[in-house]
Amino acid sequence: MNVKKSIAYLKLIDLLNGLVFYAPVALLLRTSRGITIPQFFSLQIILYLTTCLAEIPCGFITDKIRYKNTIILSLGLMTLARIQFIFADSFYIFVIEAILEGIAISFMSGTMNAYIYQLLGEEDFEKNMSSIDNYGTVGFISSTILFSFIYKIGGMNTLVILTIISTLIAFIISFFLLESHYQENTKNSLKETELFKRTSFWKISTYSSLFSLGMIVINYFYVVKLEVLGIDETYMSGVILLYSFVQLIIPKILDKLNKNKTQYHVKAFLCLAGICFLILYFSNNIIVTLFMMSIISTIIMIPYYIFSGIQNNYIDQLNLHDNRATILSIFNMGNNIVSIASFIFFSMNVNIDGLNIFLMVGILYIIIAILYKNIYIENK
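For the sequence shown, our numbering assigns the number 878 to the initial residue and increments by one for each residue that follows.
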């Protein structure tokens, strides 16, 4: 089987995985089964904590069993996790679902990134990865649009069943993927434990976690701004659709960027994201606010994909090819730690003024943009 066919299967898997029909009522799905709001946030913390703790072990296993088998395993676990929703009638069953989903995410974390990099190589990696991710975005948009119709016809259980079927089909398709070629480490390769002694490693990890922070603000605090402007929170689904549609242009933007000006691009997009967050904080105009909401996620995702390429290139330069998934998982731990800290902070401060978050993140992004410089690898 050729690489093109495998990439086509990968796009279909991403599309099906994006069909989460119950996403618009994820909170209601749980509260209707007896879960309280504090328990909901506890489940999110358990999910992210499981993902964080499982990152390195799952990355290590991935490098042993290879990418295709890991994708199969991840989708199998995700199918099992979503099946739990049919039977979930207590907090403890939802805990099992969160743990299964967390492990599934950990197995997929870094694996898809590494798999695409191994199949297609370094050239145009950022564009190729974002193009494949777009299929997941299209799936999400489609399921969100169809949500109201399906919910009215079949209710909550139908949303869950259709999501399970989509994930199950993705799981079956994953068996037809091509196993990527593995490039073994050279004799001069660095030991993984020595990574933690390198300033370059910590810089990449820190910068990568910034994008996770921005997306958390988008996902959980946009609704606060809508309420301040007098817009009903039910319109949040429309906002999500709006910025998801805009994200589809990311591959085209990445294709236009000069690869020799990475430092400039990262600085420019981080600064632009910071300015947009500040405008969002100060704006009292509905049109301006909705416009900012529609573009911020796209602006953040562009340097995210640039850093995905930097991470893989970093692994190549250190000759750690056959430990790629493990190292990418280590990088992703920073994202998970930021997510956990954010959920703990949010759950402990339910009455927090969410608008101040836009101000703080906006200033932080601008400061980081000013200070950012290209990351150079230290001599061994």
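Accuracy of the hints is not assured; some may be wrong.
Below 25 angstroms or equal to it, Euclidean Cα-Cα: the simulated SDA-like pairs (lysine to any residue) are [said to hold, decoys possible]:
no. : residue 1 : residue 2
1   : K1250     : Y1120
2   : K1133     : R943
3   : K1029     : I1041
4   : K1138     : T1076
5   : K888      : K1144
6   : K941      : K1029
7   : K1004     : L930
8   : K881      : D1132
9   : K1004     : P915
10  : K1004     : L1155
11  : K882      : R943
12  : K1136     : T1111
13  : K1133     : I1050
14  : K1136     : D1001
15  : K1144     : T1076
16  : K945      : K1029
17  : K1133     : Q995
18  : K881      : T1076
19  : K882      : K1029
20  : K881      : K1138
21  : K1004     : I1018
22  : K945      : Y969
23  : K945      : I922
24  : K1136     : L930
25  : K882      : K1138
26  : K1144     : L1241
Label-pair distances were calculated between CB atoms; the ranges are [as the list claims (entries may be wrong)]:
no. : residue 1 : residue 2 : range
27  : I1240     : N1162     : 20 to 26 angstroms
28  : I963      : D1132     : 15 to 21 angstroms
29  : Q1140     : S967      : 50 to 56 angstroms
30  : L1119     : V902      : 14 to 20 angstroms
Hints are computed from structural coordinates only; laboratory data are not their basis. Please read these numbers as outputs of a predicted model, since none were measured by experiment. By construction, the Cβ of each residue, glycine as well, lies at the ideal position given by its N, Cα and C atoms.
Hints, verified against the model:
no.: 1; hint: K1250 / Y1120; in the structure: violated, 29 angstroms
no.: 2; hint: K1133 / R943; in the structure: violated, 33 angstroms
no.: 3; hint: K1029 / I1041; in the structure: holds, 19 angstroms
no.: 4; hint: K1138 / T1076; in the structure: holds, 22 angstroms
no.: 5; hint: K888 / K1144; in the structure: violated, 31 angstroms
no.: 6; hint: K941 / K1029; in the structure: violated, 46 angstroms
no.: 7; hint: K1004 / L930; in the structure: violated, 30 angstroms
no.: 8; hint: K881 / D1132; in the structure: holds, 19 angstroms
no.: 9; hint: K1004 / P915; in the structure: violated, 40 angstroms
no.: 10; hint: K1004 / L1155; in the structure: violated, 29 angstroms
no.: 11; hint: K882 / R943; in the structure: holds, 19 angstroms
no.: 12; hint: K1136 / T1111; in the structure: violated, 41 angstroms
no.: 13; hint: K1133 / I1050; in the structure: violated, 33 angstroms
no.: 14; hint: K1136 / D1001; in the structure: holds, 9 angstroms
no.: 15; hint: K1144 / T1076; in the structure: holds, 20 angstroms
no.: 16; hint: K945 / K1029; in the structure: violated, 38 angstroms
no.: 17; hint: K1133 / Q995; in the structure: holds, 23 angstroms
no.: 18; hint: K881 / T1076; in the structure: violated, 38 angstroms
no.: 19; hint: K882 / K1029; in the structure: violated, 38 angstroms
no.: 20; hint: K881 / K1138; in the structure: violated, 30 angstroms
no.: 21; hint: K1004 / I1018; in the structure: holds, 20 angstroms
no.: 22; hint: K945 / Y969; in the structure: violated, 32 angstroms
no.: 23; hint: K945 / I922; in the structure: violated, 29 angstroms
no.: 24; hint: K1136 / L930; in the structure: violated, 34 angstroms
no.: 25; hint: K882 / K1138; in the structure: violated, 33 angstroms
no.: 26; hint: K1144 / L1241; in the structure: holds, 12 angstroms
no.: 27; hint: I1240 / N1162: 20 to 26 angstroms; in the structure: holds, 21 angstroms
no.: 28; hint: I963 / D1132: 15 to 21 angstroms; in the structure: violated, 43 angstroms
no.: 29; hint: Q1140 / S967: 50 to 56 angstroms; in the structure: holds, 52 angstroms
no.: 30; hint: L1119 / V902: 14 to 20 angstroms; in the structure: holds, 19 angstroms
Comparing the model with each numbered hint stated earlier shows that hints 1, 2, 5, 6, 7, 9, 10, 12, 13, 16, 18, 19, 20, 22, 23, 24, 25 and 28 do not hold.
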